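Residue numbers (my numbering), protein chains in the order written: chain W, 1 to 129; chain P, 1001 to 1180; chain S, 2001 to 2179.
Watch out, some of these pointers could steer you wrong.
[Claimed, not checked] Taking lysine-lysine and the DSSO-like style, the derived pairs with C-alpha atoms no more than 30 Å apart in a straight line are:
hint	chain 1	residue 1	chain 2	residue 2
1	P	Lys1030	W	Lys65
2	S	Lys2044	P	Lys1103
3	P	Lys1092	S	Lys2164
4	P	Lys1078	S	Lys2044
5	P	Lys1075	S	Lys2164
6	S	Lys2044	W	Lys57
7	S	Lys2108	W	Lys65
8	P	Lys1075	W	Lys65
9	W	Lys65	S	Lys2177
10	P	Lys1030	S	Lys2174
11	S	Lys2164	P	Lys1073
12	S	Lys2131	W	Lys85
13	P	Lys1078	W	Lys65
14	S	Lys2110	S	Lys2177
15	S	Lys2101	S	Lys2166
16	P	Lys1075	S	Lys2174
17	P	Lys1073	S	Lys2034
18	P	Lys1075	P	Lys1180
19	P	Lys1078	S	Lys2177
20	P	Lys1071	S	Lys2177
21	S	Lys2045	P	Lys1066
22	P	Lys1051	P	Lys1066
23	P	Lys1103	P	Lys1092
24	S	Lys2110	P	Lys1066
25	S	Lys2131	S	Lys2045
26	S	Lys2110	P	Lys1075
[What the hints assert, rightly or not] Stretches of chain S that chain P covers, calculated by requiring three or more beta carbons in the stretch to come under 8 Å of a beta carbon on chain P:
hint	region
27	2035-2045
28	2121-2130
Since the hints were made in silico from the structure, they are not lab data.
For clarity, every value in this text was computed on a predicted model and none was experimentally measured.
Even for Gly, the Cβ is constructed at its ideal location relative to N, Cα and C.
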Amino acid sequence: MENIHIEGSHTNFFIPTVDFNSETGYCLLEGESFLEDTIEFYDPLIQWLEEFTTEVKNPLTFEIKLTYFNTSTSRSILDLLNIIKDYEEDGGEVLINWYYDEDDIDMEEDIEDYMLDTGLEIEMIPFED
Amino acid sequence: MATINKKLSLGQSLFSEEIRISYKGPVDGKIITYLGDYIGVVNTLSEKATKKLFKIFFELAENISKYSSEKIKLKNGKEVGAGTIILKETVKNFILVTGNPIKNEHLIPVLENSKNINELDHSELREYKRSVRRENKDENHSPNIGLITVALTSGNPLDLEINPIDEKTSYFSISVKVDK
Amino acid sequence: MSATKSVFTRLTGKNIVMSYTGPFDGQVLSMFGKNIEHSISADKKLNKTIFKVFIELAQNVSYYSNEQEQTKKGESSGVGTFIIQNNDDHYNFILGNPIDKKHEIILKDKCDKINSYDRDGLRTFKRELRKLPQGERGTGNIGLVQAALLSRNPLNVSFIEIEKEKSFYIIAVKINKEA
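Full structure from sequences and hints, please.
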């Protein structure tokens, strides 16, 4: 299974940095996400995660360090988290860390709402900007 | 100063003509490139007119960027001038209007200059441009040279309006016509 | 074309820190987004909120404006206007574009519904919208909910008649300076 690496950029639209590693089971989503075609960008990530959780089945550490995402992206994040939830229910070992600016109340609420939606335990890790 | 008295009221003119694009805010390289690109795809212009409009646009935008007294700090820490750029279309021509606050000390030479500019014919303008350039050897761009270039390119008189803001600054706007 | 661009007359008003009228393509959104995020005020948090509101609402212009224009890439893009005003204790983000008149009621109902919720209600509503399958979600809906959540103020919607079948839709969102 191949790893995914996408270098984030900020020129046209905001592309997040993606690092999905199938050997270590470490996945990172970082930066800002506002894309021309959200589905086109996130679909391969969703497929990767499905393959990892159904075939590789190693412990998974999923880290989100997004400082901004639009609502269109928020739907794709929900899709990713739902796959992780299914994996956890199937006995997969899962750790989710979500880093956010301690001043960003909206982001804090968003993470709480994701926990409500998915039933996942998300480690909320505030940082100083 | 006949041209200055021929007032152009921004507020009213927005109603009567068709605005193709307008912008108010910091005028940095990205904005200039974007608006310039937009001018490039305006399809109701002849190729020659497009080139003219380009040239005028870049001069006026650069003037805002450099000489607007309202400075805004961007992400990269660079300070750029802020102002307004409006491109309007009428049946016969395109009108480019720019406006920005300016320190009076920058304004006086511009005013004296523009009075001259509107009184000169094309060949006189060219001569004037060369002489101004000789006098300002140290600067590769001055608001004056910019305005002469604009007048030369447009082939129409420059339409200026000045409204005092306070003792030290005024709001300066210029309107330039380019025939289609 | 002239409809959109003749409605807003106060593009140069004193308290306007940024305004734009023209096509709302992706380049416009990311370029202005960046400038909003970094140059509107000295308050980084406030800039970020205005930026987020801008992205959510401005995307709707490119989808729903009933006036379209060709962009450089040859794609067509919705035309509209946005204005950011700096007032004493708040910023106003105002966005407008022409719509088919028949959509007035739908938009008004949406905003009334959003304004009727308290914060918790809005959060729940947003989660419900997000759970809907792609396509049924109504991109515009969730963007409006998000704008209301971000601004912590009611959405202000109005319509100006342009022609018999066409209106100019204006949405104004207030963002307080003191959180």
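Keeping to a limit of 30 Å between CA atoms, is the pair of S/Lys2101 and S/Lys2166 held or broken?
Holds - the C-alpha atoms of S/Lys2166 and S/Lys2101 are around 5 Å apart, at most 30 Å.
S/Lys2108 and W/Lys65: Cα distance at most 30 Å?
Not OK: S/Lys2108 and W/Lys65 at ~36 Å, beyond 30 Å, violated.
Quick one, are P/Lys1075 and P/Lys1180 close enough, alpha carbons at most 30 Å?
With Cα atoms ~38 Å apart, P/Lys1075 and P/Lys1180 exceed 30 Å; violated.
Are the Cα positions of P/Lys1092 and S/Lys2164 separated by 30 Å at most?
holds, 28 Å
Count the residues of the region 2121-2130 of chain S whose CB lies closer than 8 Å to any CB of chain P, then report whether that count reaches three.
Three-residue rule not met by the region 2121-2130 of chain S, so violated; n is 0.
Checking one constraint from the list: CA of S/Lys2164 to CA of P/Lys1073, max 30 Å. Satisfied?
Judged against 30 Å, a Cα distance of about 45 Å means the pair is violated.
For the pair supplied as a hint, P/Lys1051 and P/Lys1066, is the alpha-carbon distance within the 30 Å limit?
This hinted pair holds, its Cα atoms lying about 23 Å apart.
Is the straight-line distance between the alpha-carbon of S/Lys2131 and that of W/Lys85 30 Å or less?
Holds, at roughly 15 Å.
Given the proposed pairing of S/Lys2110 with S/Lys2177, does the C-alpha separation stay at or below 30 Å?
It holds: about 26 Å lies between the C-alpha atoms, which stays within 30 Å.
Compare the distance between the alpha carbons of P/Lys1073 and S/Lys2034 with 30 Å, and conclude whether the hinted pair is satisfied.
Holds, at about 12 Å.
If you draw a straight line from the CA of W/Lys65 to the CA of S/Lys2177, is it 30 Å or shorter?
At roughly 27 Å apart (the allowed maximum being 30 Å), S/Lys2177 and W/Lys65 satisfy the hint.
Would you mind confirming whether the straight-line C-alpha gap from P/Lys1030 to W/Lys65 stays at or under 30 Å?
Holds - the C-alpha atoms of W/Lys65 and P/Lys1030 are around 28 Å apart, at most 30 Å.
Violated hints, in rising order: 5, 6, 7, 11, 18, 23, 24, 26 and 28; the structure is consistent with all others.
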